[in-house]
Amino acid sequence: MSSQNINVALIGNPNTGKTSVFNQLTGLNQQVGNYPGITVEKKIGFCKLTSNINADILDLPGTYSLNACSMDENLVIELMLNKKDKLFPDVVVVVSDVENLKRNLLLFTQIKDLEIPTILVINMADRMKYKGISLDIPYLETQLKTKIALISTRKNYGINELKDLIINYESLSVEPCLNASSIDEDYFNNLRKAFPNQLLYKLWLVITQDVNFQNLERKEVKNSFTKSHSDLKRLQQKETIKRYQFINDVLKKGLEINSKLAKDFGGKLDRVLTHKVWGYVIFFAILFVIFQAIFDWSKIPMDWIDSTFATLSNFASNSLPKGVMTNLISQGIIPGVGGILIFIPQIAFLFLFISILEESGYMSRVVFLMDKIMRKFGLSGKSVVPLISGTACAIPAIMATRNIENWKERLITILVTPFTTCSARLPVYAIIIALIIPDNPVFGVLNLQGLTLMFLYLLGFGMALFAAYILNKILKIDSKSFFVVEMPHYKLPMFKNVAINVIEKTKSFIFGAGKIILAISVVLWFLASYGLGDNFKNADQIIAARIENQSISKSDLSNKIAAFKLENSYIGIMGKTIEPAIAPLGYDWKIGVAIISSFAAREVFVGTLATIYSVGSSANNSTIKNKMGAEINPVTKNKIFNFATGISLLLFYAFAMQCASTLAITKKETNSWKWPLGQLVFMSGLAYLVALIAFQILK
Amino acid sequence: MKTTINSLKKGDKAVIKSFDVDVIPLKLLEMGCLPGNLVELLQIAPFGDPLYLNINGSHLAIRIETANEIEVEIIKN
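Chains as they are written, first to last, in the numbering used here: chain A, 1 to 699; chain B, 700 to 776.
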């Protein structure tokens with residue numbers, strides 16, 4: 001029997017539970033990638049409908065209408081207009097929320113105008129009783145010329161009916177449900193005459209939207225039917241009014257709300273959560289819990305991962321046959337992989353909290369609470385989400401700025417987000433703090449190391465705000481300020497959605513960053529194990545000659561040889577070359593090597609030191625921290641990682657722009673090299689300066 | 700002085716009368732901010748801005764500068 005494959009596209013307003021429907025249909029059969037050339041997330045899932053009918057389900061970015069104003073929304077339109085695209089849907093499923101049906105139907109009527117088979121999902125049906133809503137489904141189906149699946153992803157019903165509708169998609173009507181062209185008869189008649197073979201609504205979208213459109217000479221359409229921006233907008237308003245008139249008429253008979261039965265729990269919650277005192281108290285309490293989880297709760301699994309890899313590395317070097325390959329595995333690859341996996345607990349915690357806050361609808365209240373304050377710094381209330389996400393990783397954070405409507409506010413948010421302490425800085429901070437700050441209790445409950453870490457986070461946020469304030473004064477960009485944010489009703493986060501989100505995000509971070517870190521670890525190991533010139537080749541003899549008349553133990557001798565080899569290896573030469581530039585900051589050539597190698601990704605810092613010290617010492621089974629703590633300056637006999645150097649390093653890493661991926665994403669999102677280069681020069685210059693001042697004062 | 704959404708007090712309801720299409724973002728129109736539709740002021744943010752509204756059944760927040768552009772007629776209770 002031949003099997004059939006159906007392309008299904010899920011479309012819907014944000015906050016309609018579209019992703020819940022997607023998760024219900026596909027379970028864990030999901031693939032998350034990027035659309036070619038752009039950074040919009042592409043989610044495709046797989047669903048077996050019957051024994052021989054399969055569906056590829058595409059979860060499109062949430063959009064309020066087919067009038068796009070962001071990259072994510074552009075993508076929806078491009079796909080819907082391009083029949084040749086291999087993702088082009090056989091059937092579109094428009095997901096709506098029963099409590100916002102009126103607004104959600106606007107997008108539905110637009111999709112219907114494209115004459116593609118369309119199913120309407122009315123989600124969150126379990127809320128109907130609570131809100132006193134009743135629906136006349138047969139009437140709505142006739143008026144909207146579609147089939148409706150009334151479902152509740154929370155209470156888990158209706159999904160099978162939806163699957164049946166998808167299987168029978170060919171019987172769906174492709175007739176539009178209203179005649180939108182009546183808003184300007186003459187104009188649309190002319191358009192129809194000029195392009196008789198094209199869909200009228202498609203032409204209209206081509207004229208009004210800034211999207212790629214194949215099979216049609218876009219210039220031709222634009223030139224002969226162009227109108228002033230203002231006239232077009234007037235027509236779009238008329239179109240919107242027309243659509244709402246139709247929707248209102250349909251819902252007048254098809255939807256009934258008994259307001260006596262409706263409960264307004266959300267309103268009460270809003271009065272507390274957006275209260276002028278309690279609102280902020282609750283917000284900061286939540287932030288505190290998040291940071292507590294990241295710093296404190298994740299410590300246990302992280303220590304466990306760290307020591308496991310130290311043991312593993314030791315085990316590998318002892319049990320595998322001696323040779324180059326064994327060294328590569330035990331000193332390059334295993335510490336490298338460990339350096340990646342150690343991130344998992346913290347990243348998972350962060351994404352867990354962020355997805356709970358977003359799922360519950362609370363994030364919009366934070367935007368509402370913070371807008372006025374953030375605007376003083378040239379930011380928007382919506383900048384709060386990127387700044388918080390930035391504590392996980394600047395890359396998704398910068399992508400999250402897309403919903404900021406005002407270009408200047410958005411640009412400033414993009415530019416300052418890398419100042420927030422991302423999880424890649426965390427291992428650097430953690431190890432340096434552990435080395436230089438005593439593990440003492442403060443006021444009984446707090447801990448000095450924890451406080452230092454918290455101070456560094458606050459420093460990151462503070463610097464982001466300060467830089468935003470300066471940029472707001474300097475940048476002369478005149479862009480219309482407008483701000484619309486939907487306040488979705490409160491929902492209890494669904495476990496499945498949160499879990500899938502945390503797994504996906506953590507996975508993509510670990511694999512994305514992991515590839516780079518692993519590659520760099522291997523290259524580093526090579527550079528540290530080989531060298532140029534006679535010094536490297538004849539290390540044994542040189543050291544032996546130096547200590548000729550002293551009696552030292554065998555292990556001391558081999559340590560001295562290894563250290564001398566490292567100093568004369570390729571990486572040692574590189575570190576020595578930049579030593580004069582970093583000596584005023586209190587760093588030796590080994591730290592210099594770590595800074596060079598972490599230029600593309602700061603988390604490499606710890607891995608590099610791990611690799612360097614693994615190569616340079618025979619005590620393989622001790623952890624990285626112990627090795628670094630024991631490091632002594634051969635000239636002054638002082639510890640390398642003393643207080644002044646430690647503080648200087650912490651400040652350097654707090655400010656320096658050391659992340660090639662962030663620069664790449666800034667380039668993509670701002671469409672210019674000017675801004676990422678500005679970030680690089682300004683942030684790294686600041687880092688050098690601050691670290692220099694700190695070391696010179698403290699030494 | 701014309702009555703705008705900004706003139707509403709917390710809990711006031713009004714009908715949207717008119718606005719200049721050029722200064723109101725299309726997205727706001729699509730969310731239901733259209734002449735003839737009902738608007739209710741639900742909350743005012745702590746420092747007086749933005750405003751949390753129920754427009755035509757949609758819950759959304761806009762800034763005062765936008766609210767100032769939307770003329771309304773207050774419904775007496």
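Do not rely on the hints blindly, as some may be mistaken.
Claimed, not checked - Here are the in silico distance ranges between beta carbons for each label pair:
id, chain 1, residue 1, chain 2, residue 2, range
1, A, 373, B, 756, 37 to 43 Å
2, A, 689, B, 756, 52 to 58 Å
3, A, 287, B, 709, 46 to 52 Å
4, B, 775, A, 678, 51 to 57 Å
5, B, 701, A, 442, 55 to 61 Å
6, A, 267, B, 775, 37 to 43 Å
7, B, 701, A, 499, 49 to 55 Å
8, B, 756, A, 174, 52 to 58 Å
9, A, 157, B, 775, 19 to 25 Å
10, A, 141, B, 756, 17 to 23 Å
11, A, 496, B, 719, 34 to 40 Å
12, B, 719, A, 478, 46 to 52 Å
13, B, 719, A, 499, 53 to 59 Å
14, B, 709, A, 157, 37 to 43 Å
What the hints assert, rightly or not - Okay, the calculated bits of chain B under chain A, using three or more residues with CB under 8 Å as the criterion:
id, region
15, 708-718
16, 723-735
17, 749-760
Hints were generated in silico from the structure; no laboratory data involved. The C-beta atom is built at its ideal place from N, Cα and C for all residues, glycine as well.
Hints, one by one, checked against the model:
1. A:373 <-> B:756: 37 to 43 Å: 29 Å, violated
2. A:689 <-> B:756: 52 to 58 Å: 54 Å, holds
3. A:287 <-> B:709: 46 to 52 Å: Once the Cβ atoms are compared, 28 Å apart, the range 46 to 52 Å for residue 709 of chain B and residue 287 of chain A is violated.
4. B:775 <-> A:678: 51 to 57 Å: 55 Å Cβ-Cβ, so the 51 to 57 Å window holds.
5. B:701 <-> A:442: 55 to 61 Å: 58 Å, holds
6. A:267 <-> B:775: 37 to 43 Å: Roughly 22 Å apart at Cβ, these two residues miss the hinted range, so it is violated.
7. B:701 <-> A:499: 49 to 55 Å: 52 Å, holds
8. B:756 <-> A:174: 52 to 58 Å: 29 Å, violated
9. A:157 <-> B:775: 19 to 25 Å: Cβ of residue 157 of chain A to Cβ of residue 775 of chain B: about 44 Å, so the range 19 to 25 Å is violated.
10. A:141 <-> B:756: 17 to 23 Å: 22 Å, holds
11. A:496 <-> B:719: 34 to 40 Å: 46 Å, violated
12. B:719 <-> A:478: 46 to 52 Å: 19 Å, violated
13. B:719 <-> A:499: 53 to 59 Å: 47 Å, violated
14. B:709 <-> A:157: 37 to 43 Å: This hint holds: roughly 39 Å between Cβ atoms.
15. 708-718: violated (count 0)
16. 723-735: holds (count 10)
17. 749-760: holds (count 8)
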